[in-house]
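Chain by chain, the residues run as shown.
Protein chains: 2
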Amino acid sequence: MNAAAPHPSSQPGGFSLAIDAMGGDNAPDAVLDGLELAAERHPAARFLLVGDEARLSGALARRPRAARICALRHAPDAIPGDMKPTAALRVRHSSMRVAIDAVAAGEAAGVVSAGNTGALMALAKIVIKTMPEISRPALAAIAPSARGDVVMLDLGANVQCDARNLIEFAVMGDAFARAVLGLPSPSLGLLNVGSEELKGDDRVRQAAEVLRDGHAGLNFQGFVEGHDIAAGTVDVIVTDGFTGNVALKTGEGALKLMRDLLKQVFTSSVPARMGYLLARPALDRLREWMDPRRYNGAILLGLNGVVVKSHGGTDATGFAHAVDVAMDMVTHRFTDRIKDGLSRLAAAPQPARQD
Amino acid sequence: MNAAAPHPSSQPGGFSLAIDAMGGDNAPDAVLDGLELAAERHPAARFLLVGDEARLSGALARRPRAARICALRHAPDAIPGDMKPTAALRVRHSSMRVAIDAVAAGEAAGVVSAGNTGALMALAKIVIKTMPEISRPALAAIAPSARGDVVMLDLGANVQCDARNLIEFAVMGDAFARAVLGLPSPSLGLLNVGSEELKGDDRVRQAAEVLRDGHAGLNFQGFVEGHDIAAGTVDVIVTDGFTGNVALKTGEGALKLMRDLLKQVFTSSVPARMGYLLARPALDRLREWMDPRRYNGAILLGLNGVVVKSHGGTDATGFAHAVDVAMDMVTHRFTDRIKDGLSRLAAAPQPARQD
Numbered sequence: 007m008n009a010a011a012p013h014p015s016s017q018p019g020g021f022s023l024a025i026d027a028m029g030g031d032n033a034p035d036a037v038l039d040g041l042e043l044a045a046e047r048h049p050a051a052r053f054l055l056v057g058d059e060a061r062l063s064g065a066l067a068r069r070p071r072a073a074r075i076c077a078l079r080h081a082p083d084a085i086p087g088d089m090k091p092t093a094a095l096r097v098r099h100s101s102m103r104v105a106i107d108a109v110a111a112g113e114a115a116g117v118v119s120a121g122n123t124g125a126l127m128a129l130a131k132i133v134i135k136t137m138p139e140i141s142r143p144a145l146a147a148i149a150p151s152a153r154g155d156v157v158m159l160d161l162g163a164n165v166q167c168d169a170r171n172l173i174e175f176a177v178m179g180d181a182f183a184r185a186v187l188g189l190p191s192p193s194l195g196l197l198n199v200g201s202e203e204l205k206g207d208d209r210v211r212q213a214a215e216v217l218r219d220g221h222a223g224l225n226f227q228g229f230v231e232g233h234d235i236a237a238g239t240v241d242v243i244v245t246d247g248f249t250g251n252v253a254l255k256t257g258e259g260a261l262k263l264m265r266d267l268l269k270q271v272f273t274s275s276v277p278a279r280m281g282y283l284l285a286r287p288a289l290d291r292l293r294e295w296m297d298p299r300r301y302n303g304a305i306l307l308g309l310n311g312v313v314v315k316s317h318g319g320t321d322a323t324g325f326a327h328a329v330d331v332a333m334d335m336v337t338h339r340f341t342d343r344i345k346d347g348l349s350r351l352a353a354a355p356q357p358a359r360q361d
Numbered sequence: 007m008n009a010a011a012p013h014p015s016s017q018p019g020g021f022s023l024a025i026d027a028m029g030g031d032n033a034p035d036a037v038l039d040g041l042e043l044a045a046e047r048h049p050a051a052r053f054l055l056v057g058d059e060a061r062l063s064g065a066l067a068r069r070p071r072a073a074r075i076c077a078l079r080h081a082p083d084a085i086p087g088d089m090k091p092t093a094a095l096r097v098r099h100s101s102m103r104v105a106i107d108a109v110a111a112g113e114a115a116g117v118v119s120a121g122n123t124g125a126l127m128a129l130a131k132i133v134i135k136t137m138p139e140i141s142r143p144a145l146a147a148i149a150p151s152a153r154g155d156v157v158m159l160d161l162g163a164n165v166q167c168d169a170r171n172l173i174e175f176a177v178m179g180d181a182f183a184r185a186v187l188g189l190p191s192p193s194l195g196l197l198n199v200g201s202e203e204l205k206g207d208d209r210v211r212q213a214a215e216v217l218r219d220g221h222a223g224l225n226f227q228g229f230v231e232g233h234d235i236a237a238g239t240v241d242v243i244v245t246d247g248f249t250g251n252v253a254l255k256t257g258e259g260a261l262k263l264m265r266d267l268l269k270q271v272f273t274s275s276v277p278a279r280m281g282y283l284l285a286r287p288a289l290d291r292l293r294e295w296m297d298p299r300r301y302n303g304a305i306l307l308g309l310n311g312v313v314v315k316s317h318g319g320t321d322a323t324g325f326a327h328a329v330d331v332a333m334d335m336v337t338h339r340f341t342d343r344i345k346d347g348l349s350r351l352a353a354a355p356q357p358a359r360q361d
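Order-wise, the sequence lines are chains A and B. For any residue, its number in the numbering used here is found by taking its place in the first sequence, counting from 1, and adding 6. For any residue, its number in the numbering used here is found by taking its place in the second sequence, counting from 1, and adding 6.
The hints are simulated quantities; they were obtained by calculation from the structure and are not laboratory data. Remember, it's a predicted structure, so these values are computed and weren't measured experimentally. It cannot be assumed that every hint is accurate.
As the list claims (entries may be wrong) - Derived DEER-like restraints, expressed as beta-carbon distance ranges: (1) B/Asp-342 with A/Glu-139: 33 to 43 Å; (2) B/Ser-191 with A/Asp-219: 33 to 43 Å; (3) B/Gly-64 with A/Val-276: 50 to 60 Å; (4) B/Asp-346 with A/Asp-207: 53 to 63 Å; (5) A/Arg-293 with B/Leu-283: 49 to 59 Å; (6) A/Leu-78 with B/Ser-275: 16 to 26 Å; (7) A/Gly-64 with B/Arg-300: 50 to 60 Å; (8) A/Asp-219 with B/Arg-291: 15 to 25 Å; (9) A/Arg-300 with B/Gly-228: 24 to 34 Å; (10) B/Pro-86 with A/Met-280: 46 to 56 Å; (11) B/Asp-31 with A/Thr-92: 51 to 61 Å.
Glycine is no exception: its CB is placed at the ideal position from the N, C-alpha and C atoms.
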């Protein structure tokens, strides 16, 4: 297996993305319907659709827009949602594996899968491989805030991180926000228990020291706290995988609680139902803005190719959003942007690695 | 300074609580108005009100209910909100210090202050002292969830924790939920990045192993994730101070964002305003349920006395709630409950301390 060429989509014959057609609770229908939507938004893209050829060829024929931009590749197996990553590594001809192989071989610039998260992370790390300058890949996502979308990482790829990891996450988060949110100079914050310089543990203080000195060319704003995520105080929230995973799920849980309670409010009485109808246009805009499908797609950053994980239970709209994120990363040469950031960082003083 | 007797409120002449009258943004008015409310709910309580006697005696005379249950003690100084804990320790006659001294001397069973958090934590640890069985005190709070109030700890007293600390937090959280939420057998969960036994770092896995074996007599439900906080999956969420601080503030931030957006929704058009009026009774119940003042009061657990920190910016209603929490802890002999839990735990196998 060769290391992936960074941008096969710009080469004749290359694919923009390889798509795992058999991953996720509603595969392959949600995947194919999602590609039908994505084809409208990315008419110049070319997708390598990987899965059970017999099932896919008929299904694709019924989706003419998707069919126009997709090429089929057969893979006889699928990785179940509950399979352990170590077991998934041994399935040589799964749709997920064959799609990832296409990235490693330089045929596709990235991969999108709604399948088993642990398997995708393990396969991507082993087959596509981590960029030589990066110690550990990180999982990132986009979340809504009062001041627009924010990027958050790591979300659980690394439950224990040292200062060097956090610095690399900052460089990757910066590159990601430039590529996907289109921000020329994204502001970054390091998640901590207080915003004063002396707060937190050695890890975050050491990372902040390096980020503050400006060598990395980042727009680093210092420490931020939990409430800064929803407030949108900065564009990129950097943290370790344990804290990031808990924070993301805590915020999602709080928003879900509010949605459920509002539903109760507006069905609690006849006047409340009428009130809902009157306020409905604005409430619908709010619901649309908060729609989890708009934020579908967790991104594994730091590999020699673009890897996007769609939520397993999402529908066509959600899957199409995950494809959008991957296409933004491919089109805006995300991998090159990380390399630029890391070469600037190389000039900065480095804290010792602790792992 | 003597170690505090556990329940001076039950002794003739003892005070239920010492109150720092000069702490917080709106002191002493918010404090005194809060005591006026608290006096209605706790007519048998006796409070030692500590602060500038000249200012307080006139103010107290204007609040007859509070005056009936309060005794005044003069303290000439007040600790500013931005003073460093190390500096605060040197102010011998601050209202906060004199109130804490009263707990350490066994005159009062607990203390409530809306003043400087860092100073309160430092003074309480040094003067009231940590229980001999506890390695480190923890900061706890009560938060709303879909299934009723939940207790969360640690919220930032300890940014680095080992397995032993987490186990002690579980014992303290159990005792707190029994005393303050009145639950006979509170369910406990350890916050992690996934609910499977193998998820997370060594720390949480080791702690879970001890909690699972049942010696501590706790109703331990295993690992929980961020979204379980708002869902109310368990009554007590146990975590380290870094993660807990970030999670609490993230959840608060998400709820605040929703409140702000709903305000925008209901002022966005004339029909939306009318819709608000129609749904108002149910929306008001929702707002009341989520009112941060109902959840005012962070509790420092593991000391030889009850220590409750009210939010510095709260009003009388919020301060009265902080007093309620402290009174529940005093009345239900919270400190004894911790000791019971720890003695049960002593029979269980212990992971080595890592600090």
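Hints, verified against the model:
At roughly 57 Å, the beta carbons of B/Asp-342 and A/Glu-139 sit outside the given window of 33 to 43 Å. Against the hinted window of 33 to 43 Å, the Cβ-Cβ separation of B/Ser-191 and A/Asp-219 comes to about 53 Å, which falls outside the hint. Between B/Gly-64 and A/Val-276, the C-beta spacing of about 53 Å keeps the proposed range 50 to 60 Å intact. Remark: the range hint 53 to 63 Å for B/Asp-346 to A/Asp-207 is contradicted by a beta-carbon distance near 33 Å.
The hinted range of 49 to 59 Å is not satisfied by A/Arg-293 and B/Leu-283, whose Cβ atoms lie roughly 21 Å apart. In this structure the hint that A/Leu-78 and B/Ser-275 lie 16 to 26 Å apart at CB is violated, the actual value being about 50 Å. A/Gly-64 and B/Arg-300 have their C-beta atoms about 58 Å apart, which keeps the hinted 50 to 60 Å range intact. Checking the proposed 15 to 25 Å range against A/Asp-219 and B/Arg-291 shows it is violated: the Cβ atoms sit about 52 Å from each other.
For A/Arg-300 and B/Gly-228, the Cβ-Cβ distance of about 33 Å falls inside the hinted range of 24 to 34 Å, so the restraint holds. In this structure the supplied range 46 to 56 Å holds for B/Pro-86 paired with A/Met-280, their Cβ-Cβ distance being about 52 Å. For B/Asp-31 and A/Thr-92, the hinted distance range of 51 to 61 Å is satisfied, since their beta carbons lie about 55 Å from each other.
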